[in-house]
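Q: Sequence:
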Amino acid sequence: MIDVRDWSRADTARMLRVPTSSDDKYSRGVVALRTGSDAYPGAAVLGVEAAWRAGAGFVRFVGGRRVSDAVIARRPETVAGADIGRARADAWVIGSGTDAASRTPAEERALREVLDGTAPVVVDAGALDLAREASAPLVVTPHAGEFARLRESLELDANGSGDRARDAAEVSRRLSSIVLLKGATTLIASPDGAVMAVSAAPGWLATAGSGDVLAGALGALIAANRSSLLAEAVAAGAWLHGHAAALASGAQEGRRGHPIVALDVAEALPAAIEDLLS
Numbered sequence: 000m001i002d003v004r005d006w007s008r009a010d011t012a013r014m015l016r017v018p019t020s021s022d023d024k025y026s027r028g029v030v031a032l033r034t035g036s037d038a039y040p041g042a043a044v045l046g047v048e049a050a051w052r053a054g055a056g057f058v059r060f061v062g063g064r065r066v067s068d069a070v071i072a073r074r075p076e077t078v079a080g081a082d083i084g085r086a087r088a089d090a091w092v093i094g095s096g097t098d099a100a101s102r103t104p105a106e107e108r109a110l111r112e113v114l115d116g117t118a119p120v121v122v123d124a125g126a127l128d129l130a131r132e133a134s135a136p137l138v139v140t141p142h143a144g145e146f147a148r149l150r151e152s153l154e155l156d157a158n159g160s161g162d163r164a165r166d167a168a169e170v171s172r173r174l175s176s177i178v179l180l181k182g183a184t185t186l187i188a189s190p191d192g193a194v195m196a197v198s199a200a201p202g203w204l205a206t207a208g209s210g211d212v213l214a215g216a217l218g219a220l221i222a223a224n225r226s227s228l229l230a231e232a233v234a235a236g237a238w239l240h241g242h243a244a245a246l247a248s249g250a251q252e253g254r255r256g257h258p259i260v261a262l263d264v265a266e267a268l269p270a271a272i273e274d275l276l277s
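Residue numbering for the sequence shown follows numbering that gives the first Met the number 0, starting at 0 and increasing by one per position.
FYI, nobody ran anything at the bench for these hints, they're computed from the structure.
There could be a bad hint or two in this list.
Simulated restraints, written as ranges between beta carbons of each label pair [claimed, not checked]:
id	residue 1	residue 2	range
1	T103	E273	39 to 47 Å
2	Y25	L155	36 to 44 Å
3	G249	R8	29 to 37 Å
4	T19	A143	37 to 45 Å
5	D191	A105	31 to 39 Å
6	R87	D162	19 to 27 Å
7	A135	A157	23 to 31 Å
8	A105	E154	24 to 32 Å
9	E112	A9	34 to 42 Å
10	K24	G192	31 to 39 Å
11	R131	D98	12 to 20 Å
Quick caveat: nothing in here was measured; it's all calculated off a predicted structure.
The beta carbon of each residue, even a glycine, is placed where N, CA and C say it ideally should be.
Using the sequences and the hints given, assemble the complete structure.
A: Written as structure tokens, this is what we have:
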């Protein structure tokens with residue numbers, strides 16, 4: 000049986016800080032996203048929104064014209080283009096709102112370049128199949144179905160052992176990467192066998208696009224905590240995401256709350272941060 004540590008509000012609060020007079024947009028963290036597609040442009044919009052709302056000082060977006068236009072229409076602060084070249088990025092987010100089956104050779108080359116870099120990469124959805132060959136520090140973020148396929152690609156039993164923590168730790172060791180396994184209780188597993196659990200989220204968070212918001216928030220927390228353990232920045236991002244959902248839905252202090260959409264969660268991230276810093 001693997002010992003699972005519960006990640007708490009206090010743990011998350013210590014990963015946040017109020018900018019000082021010595022900070023600039025770069026010191027607050029630069030997040031770059033290569034997400035969304037013509038079929039799912041909203042995934043890019045949600046991820047970029049979340050990165051900004053979770054405190055990033057600078058957000059870059061790489062994508063096609065249609066998706067870039069959607070991002071800029073929502074968040075004109077974003078620097079968007081077809082390629083950011085060697086511009087600075089403290090964390091990358093890739094794969095949200097994409098499908099590996101429709102990926103072009105040029106897109107795959109670009110993703111592999113990100114995955115072979117030095118900045119940490121949050122790997123979501125349509126880029127998970129590329130995780131095995133990456134050399135950058137990785138955070139893979141599968142839901143249950145994606146996790147089963149990821150296990151199968153690693154020649155492990157797709158159904159697992161029935162122990163989510165054990166199964167997540169096993170995949171983390173195989174990939175030498177952080178695994179964030181989504182669920183009612185989200186698990187964050189490290190290659191050394193450590194597993195943390197985040198259970199701050201209300202059931203209302205089970206809504207389309209919430210994973211795209213999570214990916215953007217993770218990028219911001221990772222970029223802002225470059226000297227911290229990657230797994231702890233990831234756990235903080237997951238807890239903050241859940242807390243924002245609780246605030247957005249009103250599911251606090253015993254109240255049942257109400258339905259929300261993913262953009263509500265992204266928009267509630269600043270209030271969640273303020274609450275933790277107060």
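Q: Could you work out which of the previously given hints the structure breaks and list their numbers from low to high?
A: 3 and 6
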